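Enquirer: Put chains B and C on the given structure of chain A with help from the hints.
Chains as they are written, first to last, in our numbering: chain A, 3 to 280; chain B, 14 to 302; chain C, 739 to 992.
Mixed in with the good hints, there may be bad ones.
Here are the computed distance ranges between Cβ atoms for each label pair [stated by the list, open to error]: (1) D920(C) to V20(B): 52 to 62 Å; (2) R15(B) to A52(A): 55 to 65 Å; (3) Y105(B) to P80(A): 39 to 49 Å; (4) D920(C) to M30(B): 41 to 51 Å; (5) M286(B) to V50(A): 52 to 62 Å; (6) M286(B) to P94(A): 25 to 35 Å; (7) P18(B) to R274(A): 17 to 27 Å; (8) F238(B) to H250(A): 40 to 50 Å; (9) G255(B) to P80(A): 52 to 62 Å.
Dumping the calculated SDA-like pairs for lysine to any residue here, alpha-carbon to alpha-carbon at most 25 Å [to be verified]: (10) K102(A) to S173(B); (11) K759(C) to P177(B); (12) K31(A) to M141(B); (13) K759(C) to G27(B); (14) K763(C) to F832(C); (15) K23(B) to F92(A); (16) K23(B) to R167(A); (17) K23(B) to I81(A); (18) K102(A) to L28(B); (19) K102(A) to T106(B); (20) K102(A) to V39(B); (21) K102(A) to G45(B); (22) K102(A) to R26(B); (23) K102(A) to A38(B); (24) K31(A) to N120(B); (25) K31(A) to V140(B); (26) K102(A) to R172(B); (27) K31(A) to L142(B); (28) K23(B) to A175(A); (29) K102(A) to H284(B); (30) K867(C) to L887(C); (31) K867(C) to V39(B); (32) K23(B) to G248(A); (33) K102(A) to Y280(B); (34) K23(B) to V100(A); (35) K23(B) to W185(A); (36) K23(B) to Q163(A); (37) K23(B) to P190(A); (38) K935(C) to R952(C); (39) K39(A) to G56(A); (40) K23(B) to I77(A).
Just so you know, these hints were derived from the structure itself, not from any lab. Note that the coordinates shown come from a computational prediction; the quantities given were computed from them, not determined experimentally. Glycine is no exception: its CB is placed at the ideal position from the N, C-alpha and C atoms.
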Amino acid sequence: MDRWISRLLFLAACSSTAILAAIALFIFKEGVPIMVKTGFGSFLFGKVWAPLQGQFGILPFIIGSIWVTFGSLAIGVPIGVATAFYLAEFAPRRYVVVLKPSIELLAGIPSVVYGFMGVIWLAPLIRNYLGGPGLSILAASCVLAVMILPTIVSVSVDAIQAVPRTFREGALALGATQWQGAWRVIWPAARSGILAGVILGMGRAIGETMAVIMISGNATQIPGSMLDSVRTLTANIAIEMGYATGDHRQALFATGVVLFFFIMLLNTVALRVARRRF
Amino acid sequence: MRVPPVVAEKIARGLLMLACASAVAVLLFVIGFVMWGGFRHLSWGFLTQPILDMGREGGILPAIVGTLLMVLVAVGIAGPLGVASAIYLAEYTVEGRLTQTIRFGINCLAGVPSIIFGLFGFILFVVMLGFGWSILSGGLSLSAMVLPTIIRTSEEAIRSVPRPFRDVAASLGATRWQTVRRSVLPYALPGILTGVILGIGRSIEDTAVVLFTAGSAVGMPRSLFDSARTMSAHFYILAREGISNDKAYATAAVLICTILVINISAYGIMHRMMRGRRAPSRSARGPAG
Amino acid sequence: MTEALRVKIEIRDLRAGFAGKEALKGLSLDVLEHEILTVIGPANSGKSTLLQAINRMMDRIPGATVEGSIRLDGRDVRSFDAVEELRRRIGMVFAVPVPLPMSIRENLLFGPLLRRRLRGDEADRLVEKSLRAAFLWDEVKDRLDLSALRLSGGQQQRLCLARTLAVEPDVIMLDEPCSGLDPISTAQVEEALRELKSERTIILVTNNTKQAARVGDRTAFLLMGELIEVDTTERIFTKPSKPQTEDYVTGRFG
Numbered sequence: 003m004d005r006w007i008s009r010l011l012f013l014a015a016c017s018s019t020a021i022l023a024a025i026a027l028f029i030f031k032e033g034v035p036i037m038v039k040t041g042f043g044s045f046l047f048g049k050v051w052a053p054l055q056g057q058f059g060i061l062p063f064i065i066g067s068i069w070v071t072f073g074s075l076a077i078g079v080p081i082g083v084a085t086a087f088y089l090a091e092f093a094p095r096r097y098v099v100v101l102k103p104s105i106e107l108l109a110g111i112p113s114v115v116y117g118f119m120g121v122i123w124l125a126p127l128i129r130n131y132l133g134g135p136g137l138s139i140l141a142a143s144c145v146l147a148v149m150i151l152p153t154i155v156s157v158s159v160d161a162i163q164a165v166p167r168t169f170r171e172g173a174l175a176l177g178a179t180q181w182q183g184a185w186r187v188i189w190p191a192a193r194s195g196i197l198a199g200v201i202l203g204m205g206r207a208i209g210e211t212m213a214v215i216m217i218s219g220n221a222t223q224i225p226g227s228m229l230d231s232v233r234t235l236t237a238n239i240a241i242e243m244g245y246a247t248g249d250h251r252q253a254l255f256a257t258g259v260v261l262f263f264f265i266m267l268l269n270t271v272a273l274r275v276a277r278r279r280f
Numbered sequence: 014m015r016v017p018p019v020v021a022e023k024i025a026r027g028l029l030m031l032a033c034a035s036a037v038a039v040l041l042f043v044i045g046f047v048m049w050g051g052f053r054h055l056s057w058g059f060l061t062q063p064i065l066d067m068g069r070e071g072g073i074l075p076a077i078v079g080t081l082l083m084v085l086v087a088v089g090i091a092g093p094l095g096v097a098s099a100i101y102l103a104e105y106t107v108e109g110r111l112t113q114t115i116r117f118g119i120n121c122l123a124g125v126p127s128i129i130f131g132l133f134g135f136i137l138f139v140v141m142l143g144f145g146w147s148i149l150s151g152g153l154s155l156s157a158m159v160l161p162t163i164i165r166t167s168e169e170a171i172r173s174v175p176r177p178f179r180d181v182a183a184s185l186g187a188t189r190w191q192t193v194r195r196s197v198l199p200y201a202l203p204g205i206l207t208g209v210i211l212g213i214g215r216s217i218e219d220t221a222v223v224l225f226t227a228g229s230a231v232g233m234p235r236s237l238f239d240s241a242r243t244m245s246a247h248f249y250i251l252a253r254e255g256i257s258n259d260k261a262y263a264t265a266a267v268l269i270c271t272i273l274v275i276n277i278s279a280y281g282i283m284h285r286m287m288r289g290r291r292a293p294s295r296s297a298r299g300p301a302g
Numbered sequence: 739m740t741e742a743l744r745v746k747i748e749i750r751d752l753r754a755g756f757a758g759k760e761a762l763k764g765l766s767l768d769v770l771e772h773e774i775l776t777v778i779g780p781a782n783s784g785k786s787t788l789l790q791a792i793n794r795m796m797d798r799i800p801g802a803t804v805e806g807s808i809r810l811d812g813r814d815v816r817s818f819d820a821v822e823e824l825r826r827r828i829g830m831v832f833a834v835p836v837p838l839p840m841s842i843r844e845n846l847l848f849g850p851l852l853r854r855r856l857r858g859d860e861a862d863r864l865v866e867k868s869l870r871a872a873f874l875w876d877e878v879k880d881r882l883d884l885s886a887l888r889l890s891g892g893q894q895q896r897l898c899l900a901r902t903l904a905v906e907p908d909v910i911m912l913d914e915p916c917s918g919l920d921p922i923s924t925a926q927v928e929e930a931l932r933e934l935k936s937e938r939t940i941i942l943v944t945n946n947t948k949q950a951a952r953v954g955d956r957t958a959f960l961l962m963g964e965l966i967e968v969d970t971t972e973r974i975f976t977k978p979s980k981p982q983t984e985d986y987v988t989g990r991f992g
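Isolated chain A (complex conformation) (with noise of 0.2 Å):
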């Protein structure tokens, strides 16, 4: 009995990589062909997007998705990283105890309900001071900055806490102030923790679908400025497989693959980072 057991369990525990495997069947399947046909070099750095004419080329999403998450990076990161030094390091225990919880629920938050603020607030500020259409990149990015903030301070200040009070110790041992042990001896050894969570955010920054669809604007060009819009490679597959058939539903999926890939790639990096020790 308890060898059916553990059977049970073992093919449970293959679920997720069979579903992995199934996900990543099943796109390619369907995305692949288009790719084959258009030829990879088109499809990938193809400038123009045009299905109703047969043109598949997804460089401006590329583009659009690379911009936006590095907009989201440039805000997210330094806020993040800080707000976790200033948790872990910093702030007296009972302000943690409230501060800390109330960060993760702004991972809790929906992503659209996000996206709706971003539309009625930011976007008309953005639009009346800096210019622009108002739904850009630089909208999209203050966006995803808050939805990424929480993964980012919760997997620093676990990072930050892993480093052994030692280090922290030894350094105030020889007079260092408390930023400058921060800063000295904490932050090279919590590096390439925090790095993953950084990398982590950024997967879920590219991921990100429908809030980028409220607030970027959606225009299939290739941006030249932070206040232009842009359509992200998620937005694109989101706003028209509604309706698309076909050769366009296929040119859809193969975007699928793509982001597949890449997000698979950034995986296998946090990992290997994550890994790496002082």
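Expert: Structure of chains B and C alone, referenced to chain A:
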């Protein structure tokens, strides 16, 4: 220009505190604004009436029911499957090639964007298996999405059970399964529940997957094979199509309240279950994402 | 005056090690029925390993090896298909009390419930019988449903003893059970063991030579994985035949 350390310390402290404060400020702003905008249009009727005129009138009862059913399916599948996987990884194997492969699968699955789950669910459940746009398709796709979360938190919870508990059970003549079931799992339960609650939270907030697999019917779902909206999906449609800002705010308010209630009760349950434990169990939540 | 007792456990040429490092180097020993055999020796002499080999807890440690023969009532311990059956006949009390995070009653019934259902009154009887045998009944009889974690250290260890007794094993092995306990609790545990030996066989590993002198019928002295000497307790402590034994019991090292 060298800044004296004491001054640097003060500046640094100030900046860090600023960062933290801004993060919290955003939270308060979003929640506050949604609540303020939403509560004005909230009423008991809103929660119990059907969706009328594509959302311009009426309430969100079908969306509430839809959310409930979909979460039930998702967690009903991912819960047992996830805990079983976690038990296997924590109790039944030693680290090696096999477990590394399994873990790689879990980690990658955790990183897959929700829209890919939507596409996957669409091909497999909606089209190939013929379930159509339905709560079933939505729930199944969501379960794949939350599975890694549940596995991770459950495994951590199980691993944090002190070794002596297992030794004692074994020395009293328990088989491996008996040890797990009677000695390990009860102790790991709070952590496991946390994972399940995290999974519930992620299912509720998701929009991409459900729109692709469960459609967006406004009617009250009568069976798992009916198409239905979740609250998030409804909110998204209201907001994006510009149908009704008021109703959108109200829906968002309900959503956020639900999530707040779930999170707070999660903490509450954890606390109660861990009262009277000798060694405090460290937080079993993994990083979101 | 010891009568001729049957051999309960026969150990021949036992070798055991962890990941290459040898802990027991060819040990041969008899444990007689209804005796209290105390095993003494300095740290790392293999005393705990000996116990773990007997009830096959070594099986649970990856990289551990056990060779040689151990027989319980003439039957090789390796021949038990289900190791659980062996462990029900040879109970173990660990050095650190490990009450399971349940009520006292649930702790006690943990072992028996693994095998069969118990009717209410049968369960109550078993609970009382085990607690009395461990000299714990009077102290906890009114709070059987309270968490076992609330007991004091001495009470917890007696609870662990009672829990082991509830499975009704033939042999009870205790690994330095009183190392963290106050003198009164220690005395209670020792008293319990004296009462128990008439129905069971007891192996007591201890760091405390005085305890061995108080409680043991026979005493075995282990040093660096080898059995140096085993004899009646009286002789070990008054006229040991090996010089290492004499050095240890007189406190010259250890």
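Enquirer: Name the hints, by number, that the structure is in violation of.
Expert: 7, 8, 9, 13, 19, 31 and 32
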